[in-house]
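Asker: Sequence:
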Amino acid sequence: ALAATLPAQEGFYSPAAIREIRITFPTHAWRHILDSLFQATGDEGKLVGDVIIDGHLCRAAGIRYKGYSSYNADEIKNPFNIDLNHTVPGQSHMGYQKIKLSNVIHDPSFIREVLSYEIARKYMPASGAGYVNLYINDTLIGLYTNVEAVDDRFVSRWWPSGGQAFVKGEPATLVYPFGENANLGFSHGPDSAGYMPYYKMESENGWSRLLDLIQRLDSGAAIAEPVLDIDRTLWMHAFNEVVLNLDSYIGYAQNYYLCLDGHGRFSPVIWDLNMSFGSFRESDGSKNFLGITIPKLKKLDPLALMDFAVSPRPLMTRLFESDTLRKMYLAHMRTILDENIRNGWYLERGNEIMDGIDAAVLADTNRFYPYSDFRKNLTVTVGGSGGMKEYPGLQDLMEAHIAWLDGLAGFSGQPVFGPATHTPESPDRGEICTITARVEYASEVMIGFRHATDGIFRKVTMYDDGVHGDSLAGDGVWGAAVTLEGPVLQYYLYAQNDSAGTFSPARAEFEYHTIQATIRPGDVVLNEVL
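If you count by the working numbering, then the sequence shown holds residues 1 to 530, one letter each, in order.
Some clues are possibly wrong.
[To be verified] Cβ pair distances, simulated, as ranges:
| # | residue 1 | residue 2 | range |
| --- | --- | --- | --- |
| 1 | D307 | E431 | 43 to 51 Å |
| 2 | A359 | F457 | 19 to 27 Å |
| 3 | M306 | D454 | 27 to 35 Å |
| 4 | H188 | N137 | 28 to 36 Å |
| 5 | A400 | H188 | 20 to 28 Å |
| 6 | R59 | V460 | 53 to 61 Å |
[Stated by the list, open to error] Below, in silico cross-link-like pairs of lysine-lysine (DSSO-like), each with a Cα-Cα straight-line distance of 30 Å or less:
| # | residue 1 | residue 2 |
| --- | --- | --- |
| 7 | K389 | K376 |
| 8 | K46 | K98 |
| 9 | K459 | K376 |
| 10 | K46 | K168 |
| 11 | K296 | K122 |
| 12 | K287 | K298 |
| 13 | K66 | K46 |
| 14 | K298 | K200 |
| 15 | K389 | K287 |
| 16 | K376 | K299 |
| 17 | K66 | K376 |
| 18 | K122 | K376 |
| 19 | K122 | K66 |
| 20 | K66 | K98 |
Keep in mind the hints are simulated off the structure, nothing from the lab. None of the values given here were measured: they were computed from a predicted structure. Heads up, the beta-carbon is just placed ideally off N, CA and C, and yes, glycines get one too.
With these hints in hand, go ahead and build the complete structure from the sequences.
Answerer: Structure, rendered in structure tokens:
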């Protein structure tokens, strides 16, 4: 399988290195000014100050508070948004112009956000995340999580031919529990102006595109498919459900982006994972819309919204109406669980991250929880006294969640793939290539294929009938013939039965198998030598 992922985050957002940011304001009244600006103007008001990042000076940056539930005027350690190019056009650090620092107010373990983004990046485009020690006027404010902004740089990295429309699911005023917020429901009429209070357009244009998506989604998955990357959407939902990240599309229908790719399809991007692993329990978007307890959270049904939703959730319900898409969604959940949770990787990685930040957590006198809760919260629940909310232990939560999911219909009993093979072994460009795989316990098998990394996967049926290069009819070997139209063929397989579905490779469509065409004279040309 060939990974579609970019190299691991080893730069500015590597969790292995705690970055140092020093802000210098020309006034000692900076807290009062930032409070006043944030309360009066929200995202618009900024206080100018010099910023030194790991010794690199950025002059006259624009600095403001950020956050909805994480900001508090009475606190010293508030979350920050830093625009390095606020007054100096093009000014950046390591190519990044916007720095977003979260104050870890909802996480005694200090690892929820960083660990969650690390898991997400295995399956979809997602931000880098690490840590920063923040000083203001030479005083240590504390240890922050440092999360890569979903901005023009992020978009151009993942969708170099897209980005004409770039939307954030962020209502101007969050209404809960009964508000529709940014749920993509067709509830505000056929005029795009009716949707402007609920979504933030990050690009110059895009409202008509967004309205088109909303209207199509109202008619079902098949109608929405030309304008929605459905597989990427299923991965986002699967991720949120596995790590119990309810402060998302699930709970209040917010905290996500939509980016238009080069094929006119919106692709979702997750955002704001600081309350993952059960930290946010204000709503599950379904029957527990007034709040969900930790015991109920452990048994959260990933299809609960199909039964009841406090407000429409068409980005889930319209897709899950399809038996195949529902099984694909649960297959993605199973993959995330198997590769990160069931095998204990998250505990090993969580301990590793904690080892690296231990001294910085101890030195953070403005942290919101006792240092004694820092390590304990990886395994057990902490809090619940002195006005402190309960925060479930990651291990306790995940072990119970796995046990519950394993008993759900559709979560097990999936087909089993053997190795995929193709003939001829070294096909020429333009030649028909027969792809086969042994699949046990399958009633249907499909192949998705494309001829370029930025292409859309076309899906065709595979057969076990003895006439599609699949050996004998009914022998469990499935086959399909695909013409190799370019220098490379990228493909994945999907199989399902009455119980469940599964992919090969498991991370498809984000990863895929590859067949390379035979290189002939003239295929490779050197047109410049330096």
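Asker: Does each hint hold? Answer for all of them.
Answerer: Against the structure, the hints come out as follows:
1. D307 / E431: 43 to 51 Å: 50 Å, holds
2. A359 / F457: 19 to 27 Å: About 47 Å separates the Cβ atoms of A359 and F457, which means 19 to 27 Å is violated.
3. M306 / D454: 27 to 35 Å: 33 Å, holds
4. H188 / N137: 28 to 36 Å: 46 Å, violated
5. A400 / H188: 20 to 28 Å: Given range 20 to 28 Å: violated, Cβ gap about 39 Å.
6. R59 / V460: 53 to 61 Å: This hint holds: roughly 57 Å between Cβ atoms.
7. K389 / K376: 15 Å, holds
8. K46 / K98: Roughly 13 Å separates the two Cα atoms, so the pair holds.
9. K459 / K376: Measuring from Cα to Cα gives roughly 47 Å; hence the hint is violated.
10. K46 / K168: 21 Å, holds
11. K296 / K122: 28 Å, holds
12. K287 / K298: 15 Å, holds
13. K66 / K46: Holds, because 11 Å separates the two Cα atoms, which is no more than 30 Å.
14. K298 / K200: Distance ~33 Å between K298 and K200 Cα, so the pair is violated.
15. K389 / K287: 22 Å, holds
16. K376 / K299: 23 Å, holds
17. K66 / K376: The hint holds at about 29 Å.
18. K122 / K376: 27 Å, holds
19. K122 / K66: 28 Å, holds
20. K66 / K98: Holds, at roughly 13 Å.
Checked against the numbered hints above, the structure breaks hints 2, 4, 5, 9, 14 and satisfies the rest.
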